[in-house]
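For the protein sequence lines, the chains are F and D, in the order given. Sequential numbering of the first sequence, starting at 537, is according to our numbering. Sequential numbering of the second sequence, starting at 261, is according to our numbering.
One thing to keep in mind: the hints can contain errors.
Covered stretches of chain D, going by a simulated chain F footprint (3 or more residues, C-beta under 8 Å) [stated by the list, open to error]:
1) 275-287
2) 322-329
Just the calculated beta-carbon pair ranges, DEER-fashion [stated by the list, open to error]:
3) Gly-420(D) <-> Thr-632(F): 50 to 58 Å
4) Leu-631(F) <-> Leu-275(D): 32 to 40 Å
5) Gly-420(D) <-> Glu-576(F): 52 to 60 Å
6) Phe-325(D) <-> Phe-689(F): 50 to 58 Å
7) His-447(D) <-> Asp-590(F): 48 to 56 Å
8) Ala-609(F) <-> Gly-420(D): 31 to 39 Å
9) Leu-275(D) <-> Asn-618(F): 12 to 20 Å
10) Ser-324(D) <-> Arg-697(F): 45 to 53 Å
11) Val-428(D) <-> Asn-618(F): 26 to 34 Å
Below, a sample of chain D positions facing chain F; criterion: calculated Cβ distance under 10 Å [said to hold, decoys possible]:
12) Val-293
13) Asp-306
14) Glu-308
15) Phe-346
16) Gly-420
17) Lys-438
Hints listed in this document are in silico derivations from the structure and should not be mistaken for laboratory results. Even for Gly, the Cβ is constructed at its ideal location relative to N, Cα and C.
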Amino acid sequence: MNHIEEQLWNYIDGTCTADEQSAINKLIASDEAVRVKYHELLALNTEFATMELDEPSMAFTYNVIEAIRTEQAQAPLKAAINKRIIMGIALFFVLTLTGFLVFAFTKMDFAAMGSVNLGVKVPANFKMPEVSTAFSKPLVEGFMFFDVVLGLFLFDAYLRRKKQAHTN
Amino acid sequence: MQSKLSDIELIDQVLAGNQAAYADLVKRHQRFVFTLAMRFAKGREDAEEIAQDCFIKAYRSLASFQRQSKFSTWLYSIVYTTAMTFLRKRRVDTDSIDDEDTYIQVENQSSAYDVNDAENKSRSFYLNQAIEQLLPDDATIITMFYKGEQSLEEIAQAMGMEANTIKVKLFRARQRLKEKLERNLKHEAKELI
């Protein structure tokens with residue numbers, strides 16, 4: 537009977553082959569016990585389909601969206617900021633520091649260091665390359681202008697990303 | 261207007277940055293996801309936690325959804341995995357998730373509740389009560405088949421099993437459900453006499 541029941545369920549679900557379907561059709565028509573079983577399973581099938589779904593709390597959707605927002609807000613800054621921005625900031629600092637270092641070295645008076653013994657022997661005829669003339673006013677202004685533009689560009693990119701994260 | 265959009269259209273909107281579209285997706289599937297979670301958790305608070313966790317995981321992985329199956333099938337596979345993880349965690353306090361005795365307690369609790377709530381009883385009430393007494397896998401397969409609009413192949417995909425295995429499991433689950441339904445109704449008839 538178990539095998540018949542399994543076949544009947546397949547027949548009801550429509551998962552049996554055409555041959556099996558035709559064989560079960562014949563069985564239902566000819567065998568009273570099978571017919572009774574078929575109608576019993578058919579009634580059960582209809583009843584199972586009436587099962588009710590549970591309802592979550594009213595605030596469920598709100599809670600899910602809030603949880604997602606909180607998770608996004610708590611995302612580490614490293615993940616939130618584009619790597620190109622980080623690289624840009626690094627470049628900005630490297631350029632600025634290099635500029636200042638070169639400028640400072642060219643302005644340094646090494647002759648005044650004679651009284652300070654650092655254990656380093658500077659050749660008597662050593663002279664720092666004369667680059668101070670290269671630091672003309674337009675060049676320094678151009679350099680500062682480039683730094684300011686780069687800084688503003690990076691700041692703008694950061695604000696745009698922040699705004700986009702908020703709208704999401 | 262928004263509710264008429266298909267799941268895929270809503271997903272496209274979410275991926276384009278419209279978070280409100282995801283709220284629509286959640287609203288559309290929350291009852292079924294919550295019901296599946298109830299099949300495992302047997303308590304509303306835990307079920308809500310599982311269901312919420314599923315939607316958050318789905319949101320995180322939405323970009324990786326391949327669209328080779330229905331969104332619901334993909335979502336139910338997340339529910340099944342999350343719920344199984346929940347059961348494994350809870351297993352520390354219980355013997356086995358496959359042990360039907362684990363659910364006898366639930367059965368007995370339901371019987372005690374019945375006496376005080378006789379007015380609300382209906383055929384549907386007994387059906388839901390019988391489903392609650394099934395093992396989580398059986399209850400999940402029955403629920404997905406009858407309420408999730410999922411084929412045997414889709415259920416198999418969601419549960420990570422073979423379609424033939426699901427077919428056999430569905431047959432057995434229906435038998436057990438029928439037995440439990442009959443037993444509950446007999447038990448109730450005796451109490452009324």
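Out of the numbered hints, which ones does the structure contradict?
-> 2, 5, 6, 7, 10, 11, 13, 15, 16
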